[in-house]
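A.B. asks: Residue numbers (my numbering), protein chains in the order written: chain A, 1 to 331; chain B, 1 to 505; chain C, 1 to 168.
Wrong hints could be hidden among the right ones.
[To be verified] Rough simulated footprint, nothing fancy, chain A against chain B, three-plus residues with beta-carbon under 8 Å:
no.: 1; region: 91 to 100
no.: 2; region: 479 to 493
[Stated by the list, open to error] Now the in silico label distances, taken between C-beta atoms and shown as ranges:
no.: 3; chain 1: A; residue 1: S240; chain 2: B; residue 2: N5; range: 27 to 37 Å
no.: 4; chain 1: B; residue 1: K163; chain 2: A; residue 2: G327; range: 30 to 40 Å
no.: 5; chain 1: B; residue 1: R497; chain 2: C; residue 2: V70; range: 38 to 48 Å
no.: 6; chain 1: C; residue 1: A104; chain 2: A; residue 2: G86; range: 18 to 28 Å
no.: 7; chain 1: C; residue 1: A44; chain 2: B; residue 2: I479; range: 37 to 47 Å
no.: 8; chain 1: B; residue 1: R285; chain 2: C; residue 2: L23; range: 27 to 37 Å
no.: 9; chain 1: A; residue 1: R284; chain 2: B; residue 2: I384; range: 32 to 42 Å
For the record, the hints were derived by calculation from the structure and aren't laboratory data. Note that this is a predicted model, so its numbers are computed, not measured. Think of the CB as a built atom: it goes at the ideal place given N, C-alpha and C, for glycine as much as any other residue.
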Amino acid sequence: MKLTKIAVALGTSLAFFAVSAAHAWEPTKPVEFVVPAGTGGGADQMARFLQGVIAKHNLMKQPLVVVNKSGGAGAEGFLQVKGAKGDPHRIIITLSNLFTTPLATAVPFNWRDLTPVSMLALDEFVLWVNADSPYKTAKEYLAAIKAAPDNKFKMAGTGSKQEDQIITVMMQKAAGKKITYIPFKGGGDVAVQLVGKHVDSTVNNPIEAEAHWRGGKLRPLCVMDAKPLPYTAKVTDKQSWADIPTCKSAGIDAEYVMLRGIFMGPDVAPDQVSYYVDLFKKVRELPEWKEFMAKGAFNQSFMSGKEYTDWVAKNEALHIGLMKDAGFIAK
Amino acid sequence: MDEINSLMHGFSVALTLPNVGFMLVGLLLGVLIGVLPGLGGANGVAILLPLTFSMNPTSAIIMLSCIYWGALFGGAITSILFNIPGEPWSVATTFDGFPLAQQGRAAEALTAAFTSSFVGALFAVLAITFLAPLLAKFALEFGPPEFFAVQMLTFCSFIGMSKEPPMKTLAAMMFGFALAAVGMDTVTGQLRMTFGFTEMLKGFDFLIAVIGLFGIGEILTTMEEGLAFKGKSAKINFRVVLHTWKELLQYWRTFIRSVLIGCWMGITPGGATPASFMSYGMARRAAKDKESFGRGNIEGVVAPETAAHAAGTAALLPMLTLGIPGSPTAAVLLGGLLIWGLQPGPLLFVEQKDFVWGLIASMYLGNIVGLIVVLTTVPWWAAILRIPFPVIAPVIIFICAIGAYTVHSSIFDVVMMLVFGVFGYLFKKLRYPLAPLVLALVLGDMAESSFRQSMLLSQGEVSIFYSNWLVGSLMALSIFLLLLPAWGALKSMLRRREANAYLGR
Amino acid sequence: MSTESETPGPALRRRGPEAGVALLLLVIGLIVIVDSLRVGIEWADDGPRAGYFPFFIGCLLSLSSGWTLVRALLSWREETAIFSEYSQLRDVAAMAIPLTVFVAAVPFLGLYVPGALLIGYFMRRHGTGGWLATLAVAIGTPIVFFLIFERWFLVPLAKGPLEAWLGF
Numbered sequence: 001m002k003l004t005k006i007a008v009a010l011g012t013s014l015a016f017f018a019v020s021a022a023h024a025w026e027p028t029k030p031v032e033f034v035v036p037a038g039t040g041g042g043a044d045q046m047a048r049f050l051q052g053v054i055a056k057h058n059l060m061k062q063p064l065v066v067v068n069k070s071g072g073a074g075a076e077g078f079l080q081v082k083g084a085k086g087d088p089h090r091i092i093i094t095l096s097n098l099f100t101t102p103l104a105t106a107v108p109f110n111w112r113d114l115t116p117v118s119m120l121a122l123d124e125f126v127l128w129v130n131a132d133s134p135y136k137t138a139k140e141y142l143a144a145i146k147a148a149p150d151n152k153f154k155m156a157g158t159g160s161k162q163e164d165q166i167i168t169v170m171m172q173k174a175a176g177k178k179i180t181y182i183p184f185k186g187g188g189d190v191a192v193q194l195v196g197k198h199v200d201s202t203v204n205n206p207i208e209a210e211a212h213w214r215g216g217k218l219r220p221l222c223v224m225d226a227k228p229l230p231y232t233a234k235v236t237d238k239q240s241w242a243d244i245p246t247c248k249s250a251g252i253d254a255e256y257v258m259l260r261g262i263f264m265g266p267d268v269a270p271d272q273v274s275y276y277v278d279l280f281k282k283v284r285e286l287p288e289w290k291e292f293m294a295k296g297a298f299n300q301s302f303m304s305g306k307e308y309t310d311w312v313a314k315n316e317a318l319h320i321g322l323m324k325d326a327g328f329i330a331k
Numbered sequence: 001m002d003e004i005n006s007l008m009h010g011f012s013v014a015l016t017l018p019n020v021g022f023m024l025v026g027l028l029l030g031v032l033i034g035v036l037p038g039l040g041g042a043n044g045v046a047i048l049l050p051l052t053f054s055m056n057p058t059s060a061i062i063m064l065s066c067i068y069w070g071a072l073f074g075g076a077i078t079s080i081l082f083n084i085p086g087e088p089w090s091v092a093t094t095f096d097g098f099p100l101a102q103q104g105r106a107a108e109a110l111t112a113a114f115t116s117s118f119v120g121a122l123f124a125v126l127a128i129t130f131l132a133p134l135l136a137k138f139a140l141e142f143g144p145p146e147f148f149a150v151q152m153l154t155f156c157s158f159i160g161m162s163k164e165p166p167m168k169t170l171a172a173m174m175f176g177f178a179l180a181a182v183g184m185d186t187v188t189g190q191l192r193m194t195f196g197f198t199e200m201l202k203g204f205d206f207l208i209a210v211i212g213l214f215g216i217g218e219i220l221t222t223m224e225e226g227l228a229f230k231g232k233s234a235k236i237n238f239r240v241v242l243h244t245w246k247e248l249l250q251y252w253r254t255f256i257r258s259v260l261i262g263c264w265m266g267i268t269p270g271g272a273t274p275a276s277f278m279s280y281g282m283a284r285r286a287a288k289d290k291e292s293f294g295r296g297n298i299e300g301v302v303a304p305e306t307a308a309h310a311a312g313t314a315a316l317l318p319m320l321t322l323g324i325p326g327s328p329t330a331a332v333l334l335g336g337l338l339i340w341g342l343q344p345g346p347l348l349f350v351e352q353k354d355f356v357w358g359l360i361a362s363m364y365l366g367n368i369v370g371l372i373v374v375l376t377t378v379p380w381w382a383a384i385l386r387i388p389f390p391v392i393a394p395v396i397i398f399i400c401a402i403g404a405y406t407v408h409s410s411i412f413d414v415v416m417m418l419v420f421g422v423f424g425y426l427f428k429k430l431r432y433p434l435a436p437l438v439l440a441l442v443l444g445d446m447a448e449s450s451f452r453q454s455m456l457l458s459q460g461e462v463s464i465f466y467s468n469w470l471v472g473s474l475m476a477l478s479i480f481l482l483l484l485p486a487w488g489a490l491k492s493m494l495r496r497r498e499a500n501a502y503l504g505r
Numbered sequence: 001m002s003t004e005s006e007t008p009g010p011a012l013r014r015r016g017p018e019a020g021v022a023l024l025l026l027v028i029g030l031i032v033i034v035d036s037l038r039v040g041i042e043w044a045d046d047g048p049r050a051g052y053f054p055f056f057i058g059c060l061l062s063l064s065s066g067w068t069l070v071r072a073l074l075s076w077r078e079e080t081a082i083f084s085e086y087s088q089l090r091d092v093a094a095m096a097i098p099l100t101v102f103v104a105a106v107p108f109l110g111l112y113v114p115g116a117l118l119i120g121y122f123m124r125r126h127g128t129g130g131w132l133a134t135l136a137v138a139i140g141t142p143i144v145f146f147l148i149f150e151r152w153f154l155v156p157l158a159k160g161p162l163e164a165w166l167g168f
């Protein structure tokens, strides 16, 4: 905090001497934080958490205002930011619909229309079943799917032709059987459907299902990442996030993480981008953020600049492949 | 009685002088939010959230939840005075509330609305206090087929109410369904009826349609009858309140029915808006003088308001125990909980006893204080009707435009508001009923996705809708309600024929 | 309502608007049907396709509006019911025209300036208050709403060149 003040003071005094005040850009009015998803989901929770924590620590002079623009699987939000040419007071948090929505619906936007700011974290996916179900491991569950006729097992997920359904397709490949996919509006609803035993499994993000796991209602079977999660603090009496095996080890060849990153509209100035990069760097140092990351078992990669842009491009190529395989691309 | 002990402890947490002060701040802000279409509880909570970080979580949540109560109370005000529902759940309140105001009985209608809201909330809190674990379990019983059955029930309880020509009723309802279908189909992710226009992606929002059809439509209709609002002569004194209370006592059956509907819909979570429609429909069915509904019957204000407030209150239960926010406001509250390090979920009641019981105690207190606050303002609200029409009419249009704009921050929506306003005027003149249109717009989307989710679950077997006792009895009740008016019509037709036969025609 | 007025002046007959609205709804119904056919209207193994329900909705909408349209056309000659008197329609237009101008101005000027102009126009044209009161209400109302929405609740509303010039 003090450091920022000093920096600001330095910045203003420097401006007296130099005409170009390169790092001095700051928001001059409230910043709109667009969430291209409904209330209560993973992206929304993270955005509202950021809003609160930035206000609490006074990291920004102007308030950050969260707005949900979920229409058309997030296309509403992305199109608005795409249209905000050179507007430094609007940022957007992403989920995988940054890639999937334009592919599935042919709505005209692409991440290249936006300005990448920084990656905040990568969200993991865990295969969950109800705690009362007989399946203790992913292997047992996979065997049960293999033994049953097509469409016997039901998977609930968020939205249609998005990340949850992509993972379901990966699981179908591993099992060689069809799994019924049932789309719901938000991740919270999905978890509750599984608690109520209306479906057999979900691939909720950790943060969406953590409370139910701790409450003894859900059981994690495996995590869709290359290696187990790093968080070793106990969540339930017996288990921690780190105790969940990878799906690969159970014979489900499914590796998938989701970008939680920040973008801005096109044609913004470099110092405006670097303001937000610095802002989120500061957020990452806060103890609340670390606690939030642990609670949601996030992958804490942080990137910005070219590294981030390259990562997004690579991830887009991956999604095009996955969507093509699954037959989700709009004609 | 464990609960009573916990509750008393909760009162001792909640009932401190600063907390009561926070309550008042929250309530006043909430009423303002409820009055202005375009501001929702989410906005109010968002601006106060930063202030609350220096407070302890219990005080903070008391203040924030009071915004929510205030908004629930405030939603009725513009519905009654100007036929503009400030919040979606007060649409049904306009059906009888606005005619009452036109008859010069605005103060009575407001009193009835506020009192009903209070009663609804009070019973919902009682249910939360004593039945929380049971209710939370009940909520889990609801999968897609059950949701569809509930939506079907709402629909059937409302259908057959219209006095308008049947073909026009059908057309209005189908128009509503067609509007609801615009945008993305949640089940397949396909775009429907957008024709490549990006403005159409988000579909037609219920609130924009309602602001146009009711608010702007009403102003255009009013112009026809001269440059004045009817009901200027509203009585403005506090005696009206007491007088109305006496009258309300006779509607105890409506209160009980509406509370039950509201609590149930709030927990499942069907939501406050369907609850208010269902309750209105049921009240009209049960009433002896069905004809007076829609023309200024106090009962037509009591039923939807009681149910909406009961549902709004009960909706906090799934948020606390399951972590699913029932509304955008609840979602913002959820964000607050996370920052204070409280994780909503099944364990919140065990791990955070102080917080949970403090919150429940504040629900009682907040609603009592809220009732007093809004009742004392009744005369002022009613006095707004005395402002000359040339002043208030453009201001209302301005407010409507703001309301339409804020839903999606889209100018296209302001244009749509005007289009809906013209529709509202024409429909009223040509006797197309608006209520079925609005109901279809609210329920159409939800009902279609629950139906298709059910079909996915059962792989196309319709039998899923009578596969267990819950969904079976809901469906049976819907069909019963659907057939009831048909049976009544048939009976009266037969009777008429008999009479005609007797007269030798 | 309007049909009950005692001294009917020259009036617009109901058949025109009746047929017009029915035709409009009929066209909307047909559009819905066409689009449903595009996304698929059949009932597949796992339930209805995206166009299944909209297709029936479109059909019912077209049929019911078609019925109203045909009836209005069949009784075109004998229909005498009144939609509205011309004098009343003039009153409606007195509101509808400024309202349309207001909405048309919003994309260019934002919400605040057209709002002030609308209020000002109305108070001058139909009201009895003086210039001072008119100016106070017309300028005061948008400012109050600006403060409530933008400053207090942080909800940005549509703004135009004037606001940009003032630096918001």
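A.B. asks: A separate judgement is required for each hint: does it hold in the structure or not?
C.D. replies: Hints, verified against the model:
no., hint, verdict
1, 91 to 100, "violated (count 0)"
2, 479 to 493, "violated (count 0)"
3, A:S240 - B:N5: 27 to 37 Å, "35 Å, holds"
4, B:K163 - A:G327: 30 to 40 Å, "51 Å, violated"
5, B:R497 - C:V70: 38 to 48 Å, "28 Å, violated"
6, C:A104 - A:G86: 18 to 28 Å, "27 Å, holds"
7, C:A44 - B:I479: 37 to 47 Å, "26 Å, violated"
8, B:R285 - C:L23: 27 to 37 Å, "35 Å, holds"
9, A:R284 - B:I384: 32 to 42 Å, "51 Å, violated"
Going down the numbered hints, you'll see the structure goes against 1, 2, 4, 5, 7 and 9, while the others check out.
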